[in-house]
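Engineer: Each chain is listed here by its residues.
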Amino acid sequence: MSVLITDAAFDPAEQLRLFTHASKGAGAIVSFTGLVRDTSSTGAVTRLHLQAYDPMTQRGMEDAIDKARGRWPLQTVSIIHRVGDMAPDDPIVFVATASAHRRAAFESADFLMDYLKTEAIFWKKEYTEDSERWIEPRPEDYKDKNRWNS
Amino acid sequence: MTTLIYLGRLADVAGTSEEQLDLPDTIKTTDDLRAWLNTRFSSPTPAFDQSVRIALDSEICVEPASLGTAIEIAFLPPVGGG
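Each protein sequence line maps, in turn, to chains A and H. So for the first sequence, the working numbering puts the first residue at 33; every next one is plus one. So for the second sequence, the working numbering puts the first residue at 4; every next one is plus one.
Derived from the structure by calculation, the hints contain no laboratory data. All of these numbers come straight from a predicted model, not from anything done at the bench. Treat the hints with care, as some may be off.
Stated by the list, open to error - Derived list of chain A stretches under chain H, where covered just means 3 residues or more per stretch with a C-beta under 8 Å from a C-beta of chain H:
id : stretch
1  : 40-49
2  : 80-88
3  : 138-150
To be verified - Simulated restraints on C-beta separations:
id : chain 1 : residue 1 : chain 2 : residue 2 : range
4  : H       : Val65     : A       : Ala45     : 36 to 46 Å
5  : H       : Asp35     : A       : Thr52     : 20 to 30 Å
6  : A       : Met33     : H       : Ile74     : 28 to 38 Å
7  : H       : Glu66     : A       : Pro87     : 43 to 53 Å
8  : H       : Leu24     : A       : Leu48     : 18 to 28 Å
9  : A       : Asp117    : H       : Phe44     : 19 to 29 Å
10 : A       : Met33     : H       : Met4      : 31 to 41 Å
11 : H       : Thr29     : A       : Glu161    : 44 to 54 Å
12 : A       : Asp162    : H       : Lys31     : 36 to 46 Å
Just so you know, even glycine gets a beta-carbon here, dropped at the ideal spot from N, CA and C.
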């Protein structure tokens with residue numbers, strides 16, 4: 033299980049290769065990569081800034097992985113999350129899960145992303161040509177996360 | 004000496020993301036601290052309202068709480084998601 037919060041750019045393809053190597057014997061691997069969008073409601077995005085507060089951010093992500101492991105039989109899990117300044121199209125988050133069967137891998141990756149979008153301890157500031165604003169989760173993000181409460 | 008950490012939009016309000024200071028002796032609880040900061044960094048609507056959670060030495064506290072001997076106090080506005 034690994035959680036990495038980094039201010040350095042990462043290559044999702046390389047991370048998937050490493051994850052696959054570390055998940056030998058798993059029957060199913062699912063990965064998700066989130067990228068910085070190039071447009072927002074206020075115009076073309078020029079920069080995105082992400083801030084974390086460690087050790088709380090790291091601990092929260094580890095707890096989310098523990099919860100996922102309590103629900104699905106997972107062999108390996110990896111989360112990489114960027115902080116600092118990013119440009120449009122930069123990878124911002126990478127989640128990979130490995131299990132014996134596909135359903136557990138799909139669902140746990142989805143679950144972890146819903147956690148990351150609503151509860152993970154990050155603050156996000158979006159810059160456009162002529163504005164900057166702090167972003168908070170959308171109502172849809174909470175709705176997505178609440179799917180896992182039943 | 005206490006370190007105050009202003010996260011997210013609160014850094015814009017405080018004009019800094021972090022400061023070290025000796026809190027006045029009258030500031031003993033999280034309520035005292037919120038009121039004091041709302042006066043120090045006055046804005047049309049109080050920035051340190053109840054939507055802002057407070058972490059004492061990296062643990063979210065259940066308020067109202069005594070500040071005790073915390074050396075790092077962080078103010079966490081609603082998170083923005085990853």
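Engineer: So which hints don't hold here, by number, going up?
Structural biologist: Failing hints, ascending: 1, 5, 7 and 8.
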